[in-house]
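Participant: Below, each chain spelled out in residue letters.
Number of protein chains: 2
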Amino acid sequence: MISLSERKDLIRAALGEVPLDLKIDNVQVVNVYTGTVEFGAIGIKAGRIVTPYAADYKSAEIVDGGGKYALPGFIDTHVHLDSTLVIPENLSQLLLPRGTTVMLSDPMEIANVAGLPGFKALLRSRDELSYHIFLEVSSRVPTAPGLETTGGELNLQDVCEILAWPEAVSLGELDPSKVLGMRDEYLLKIEAAQRLGKICNGHAVGRVGKELVAYACGGLADDHECVDYEEALSRLKLGMAVLIREGSTERNLDLILNGVVRDGTYSHHLMFCTDDKHPDEILEEGHIDYMVNRAIELGIPPVQAVQMATINAAKHFRIEHLVGSLSPGRWADILLAEDLQQIVPGNVFFKGKQVVEDGRYIGSNPEVDYPAWLYETVTLKAGKNPADYILEGNGKRAQVWVIDLFPDQIINTKISAELEVVEGSVIPDPARDILKLAVVERHGKNGNIGITFVKGFGLKNGALASSIAHDHHNIIVAGTNDRDMAACTAAIEDMQGGFAIASDGKVLEQMALPIGGLLSEEPVEEIINSLEEINRVYQNIGGTLPAPFMTISFIGLPTVPDLGLTDKGLVDVLKHTLISSFVE
Amino acid sequence: MISLSERKDLIRAALGEVPLDLKIDNVQVVNVYTGTVEFGAIGIKAGRIVTPYAADYKSAEIVDGGGKYALPGFIDTHVHLDSTLVIPENLSQLLLPRGTTVMLSDPMEIANVAGLPGFKALLRSRDELSYHIFLEVSSRVPTAPGLETTGGELNLQDVCEILAWPEAVSLGELDPSKVLGMRDEYLLKIEAAQRLGKICNGHAVGRVGKELVAYACGGLADDHECVDYEEALSRLKLGMAVLIREGSTERNLDLILNGVVRDGTYSHHLMFCTDDKHPDEILEEGHIDYMVNRAIELGIPPVQAVQMATINAAKHFRIEHLVGSLSPGRWADILLAEDLQQIVPGNVFFKGKQVVEDGRYIGSNPEVDYPAWLYETVTLKAGKNPADYILEGNGKRAQVWVIDLFPDQIINTKISAELEVVEGSVIPDPARDILKLAVVERHGKNGNIGITFVKGFGLKNGALASSIAHDHHNIIVAGTNDRDMAACTAAIEDMQGGFAIASDGKVLEQMALPIGGLLSEEPVEEIINSLEEINRVYQNIGGTLPAPFMTISFIGLPTVPDLGLTDKGLVDVLKHTLISSFVE
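Going line by line, the protein sequences match chains W and F. Letter by letter, the first sequence follows residues -17 to 566 of my numbering. Letter by letter, the second sequence follows residues -17 to 566 of my numbering.
Watch out, some of these pointers could steer you wrong.
A pair holds if it fits inside one copy or across any two, identical chains being indistinguishable in the list.
[Unchecked claim] Heads up, simulated BS3-like pairs for lysine-lysine below, C-alpha to C-alpha not over 27 Å straight-line:
| # | residue 1 | residue 2 |
| --- | --- | --- |
| 1 | K396 | K442 |
| 2 | K192 | K557 |
| 3 | K557 | K(-10) |
| 4 | K333 | K50 |
| 5 | K378 | K(-10) |
| 6 | K192 | K335 |
| 7 | K333 | K557 |
| 8 | K102 | K427 |
| 9 | K102 | K442 |
| 10 | K396 | K102 |
| 11 | K396 | K192 |
| 12 | K488 | K396 |
| 13 | K333 | K192 |
| 14 | K363 | K192 |
| 15 | K333 | K442 |
| 16 | K50 | K378 |
Since the hints were derived computationally from the structure, they do not count as laboratory data. Computed from a predicted structure; not experimentally measured.
Chain W on its own, in the form it takes in the complex (with noise of 0.2 Å):
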């Protein structure tokens, strides 16, 4: 919020009254309000936009802007902050650079780890970062309750609490299950939503006909797990807007493009997100000004797609009043670009102050500043033991479950096979690429240990493991022996976190991520560093998968189809219901 002497320092330099701090002169304006662009100068004060056509202001500083393009700071309409293994007070120089000045954020994985103390920890230096967080209030932590432990929850009390923040805009991503069973619980917080003039933003995976009509009379107002036209259309038709998703693992930009390319589908409902990229594809590929480029390639004019980088997204979650344009009031998140059909924002300016220079961060990052209990949230009561992760079965052969990986999606399909039976236990069969797949409690609560199989991930030998495991956030482990699999959950303990992988009982790579398990404060470089390090040591072992462990965070999921894995068991995830490992 504004505050009362900002508001009127404001109106003051409006009126003309006292200078400008800054003016960025001779730009060419991209207005989303009028679609249209033209020359002018970005006056600012208090951190807030004066006017875009501040050519006759006086100013205390001013910056020629040297003929560029002068766009509002891009918005990621959907993502999980902890997801990108990187503390927000590092992740600025990644996301700056590529223009990204507000991130709409889920912060669920901390919350499931350590509840709303963690989830309140992990937002201390909100005020202080040079991007905007706003917050998607988790729905559903846990996830899969009953099917699944977590380390901390967040009951419908917590919620209503977090939703009546200023900063939080919706109801995080409700899974339909809980829509499409009525459950009070869930119908409540979108309730409350609603009540507090928030939205409730939409997760739903496959869904079509009857139960996605369903999902939307439940007041779910957007969805951004579409994976292709059909589906963005389907929901479009029914009143929901279409977060469009390009993350690491699933990248659903080109299929829903091209079709609304095609149809010359409206626009003014469709916006962006990445939901969950890991810092090296940022790095490398980009952030949303990639899918503002890409959308451009494809053959959206480049102010609508900038529209949907902006605008939309802001008005979308009602925050067109802060951010989204270069209008009178709100945050001055400027970007600058030579080319309008090739978008690289080389000079970044958030809150009016210059943070990006020549491609290069040059903004500062706030001092960490995090509870020592948000080091130590692993805690085992069994996993270190190769015994622990027997599956006992009778006979000589038994036919079992399989999660059987899709490439690129987040979904998987239930397959089955029959495995050997050595000495009471099943065991993987690496020449089939099946491996054994295991979920180990790690919040020192019962020492669940689940275990089915798992085709994809192509190991020879060996095991990887992640203490990131959506949304429980217990340890999963994938491996071809019991034994690499015990060492590499004992050496995520030693590091209270992280990623490992292990051959020949030997801890051959790994990873800390000390913050809840999921999080490390160490400089992106670094982090990109071990990330690359440790995926070559997968290859080496035979992994075949480009980004192992988003994938492996991901299979156990209980909320995705077909199957997931938690410490309970394995998850008939449509059925909501635990099932045996093997065939019956």
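Put chain F on the given structure of chain W with help from the hints.
Facilitator: Structure of chain F alone, referenced to chain W:
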């Protein structure tokens, strides 16, 4: 808000577990989210839309839509309900046959007369009406503190209380002088609205350049006072939506839309309003339907014109989850029309019930139940004696200020004239169409009478008076002589509010508006007949204006340039100060 059990009914119907209440089969759905038209069937449950594509749903009742176009109900984005002369309960029969199902209303008139209790009393039947009322919370009651006497006021605390109501969508039209003057009370009202997730409506009459920039910096999100395209474009360029107005006396539609069509201006931030429109004109010319059809005639594509009248407004006011489209979960407010080039909403459904059949209103009007004190709001301490109207002058002639009317505009021009002084009293000159204008305090507070002169009413003899006088709603009276002015005022006291015309000391015609001195409980036809009759009598004594009582009600407004008149005297609007009626 939707209740939990209604929400569940809706979801069950959407899933096909229970039949719909009603299905309107065989319609061409105008989908404002995709901007397309295709065949569908509107499914309805619990008064809400289940889906507009309900062909394969079972329903308790099925109506054949006969291939007609199905559109969402129209939204009037800014209207003073209490300026229609008709009580809200009786307004349905005017609005619904015109397809208006949502009135975003600022009931500032009743608040000026009777404060917060009056405000609440007028909205008593809100939930039983055949149209929705959402509130633009009156930001300035009184409009010109210190310059006028009102019956009631809404202080900061009152405004904050109302803003928190779920039916409140915005802070209502805030006068620029309060923002540019940086007055804490009003800046705090803006802050309260934004904190509660509501927008702030502008009222930027004639403001340009730095004043307009400063006003936008104040947090004002729109303007409904644009008189031409240049003004409209200047607002859009500063990130303000434009509420295009076509009322009884303010007619801005053609000039604005001609520019929009010529330039192909991005239209998502354009919408429609009437502001103030008398019932006879709604009946004859139409309401928002008139604006939609005129827009289409001017070259706006039909679906785009419908978007302006529906979703654009719903998004701007952040009520798109409730109204503005035929999408799941929204109120089932549906218009059926045969032609999309000339939209006549022949059959209208409100909350899923048919309320207009073949152009005729068939809904019910709730019983009127206003408190007794709302019928007793005219208490005079002066004004019934001709001597009360004397403006004392010295010598033979006096140079006085004259409010010169502008045809079809709310603004006026400050001119001066030399008038005769007879027996110490400055007298009007009907030959030059210069009448005396007086405002008589009627709230029983002080007996103030403000006196000046006005040009444009055309009377050759007699006087006309009204207890509707924006925004203070004292009695305003214009006449050729003091005796007839006093007779009019006395007649209005007898009726406890209304309009009167007198000549030769006798009341020729009168029309009672006893609810707060603003509204009549008579049926709409009676009100229109009375209005036509009194207009005819006005013309009989020389009157030349098409809507003289609308004109006289605005001519004293102390917030619209150049001049205003209140019970305290003549007001220089731009200087926001009382001035002498004499040129000094």
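Participant: Compare the structure with each hint and give your call.
Facilitator: Consistency of the hints with the structure:
For the homomeric pair K396 and K442, the shortest alpha-carbon distance inside one copy (22 Å) is at most 27 Å, but the shortest distance between copies (91 Å) is not. In this homomeric assembly, K192 and K557 come within 27 Å of each other (Cα to Cα) only inside a single copy, at 17 Å, whereas the closest approach across copies is 62 Å. Taking the shortest Cα distances, K557 and K(-10) sit within 27 Å of each other only across copies (20 Å), while inside one copy they are farther apart (57 Å). In this homomeric assembly, K333 and K50 come within 27 Å of each other (Cα to Cα) only inside a single copy, at 19 Å, whereas the closest approach across copies is 51 Å.
Taking CA atoms no more than 27 Å apart as the test, K378 paired with K(-10) passes in neither setting, with 80 Å inside one copy and 51 Å between copies. For the identical chains of this complex, K192 and K335 are inter-copy neighbours only, at 24 Å across copies versus 49 Å inside a copy, given an alpha-carbon limit of 27 Å. Proximity of K333 to K557 under the C-alpha cut-off of 27 Å is found in neither arrangement, the shortest distances being 48 Å within a copy and 35 Å between copies. In this assembly of identical chains, the alpha carbons of K102 and K427 lie at most 27 Å apart only when taken from the same copy (23 Å versus 55 Å across copies).
In this assembly of identical chains, the alpha carbons of K102 and K442 never lie at most 27 Å apart, being 42 Å within a copy and 75 Å across copies at closest. In this homomeric assembly, K396 and K102 never come within 27 Å of each other (Cα to Cα): the closest approach is 38 Å inside a single copy and 60 Å across copies. In this assembly of identical chains, K396 and K192 lie within 27 Å of each other by CA distance solely inside one copy; the values are 24 Å within and 64 Å between copies. When the C-alpha separation of K488 and K396 is checked against a cutoff of 27 Å, the pair qualifies neither within a copy, at 32 Å, nor between copies, at 92 Å.
Proximity of K333 to K192 under the C-alpha cut-off of 27 Å is restricted to the inter-copy arrangement: shortest distance 22 Å between copies versus 45 Å within a copy. In this assembly of identical chains, the alpha carbons of K363 and K192 never lie at most 27 Å apart, being 44 Å within a copy and 68 Å across copies at closest. When the C-alpha separation of K333 and K442 is checked against a cutoff of 27 Å, the pair qualifies neither within a copy, at 51 Å, nor between copies, at 63 Å. Taking the shortest alpha-carbon separations for K50 and K378, neither the intra-copy value of 71 Å nor the inter-copy value of 69 Å comes in at or below 27 Å.
Of the numbered hints listed earlier, those contradicted by the structure are 5, 7, 9, 10, 12, 14, 15 and 16.
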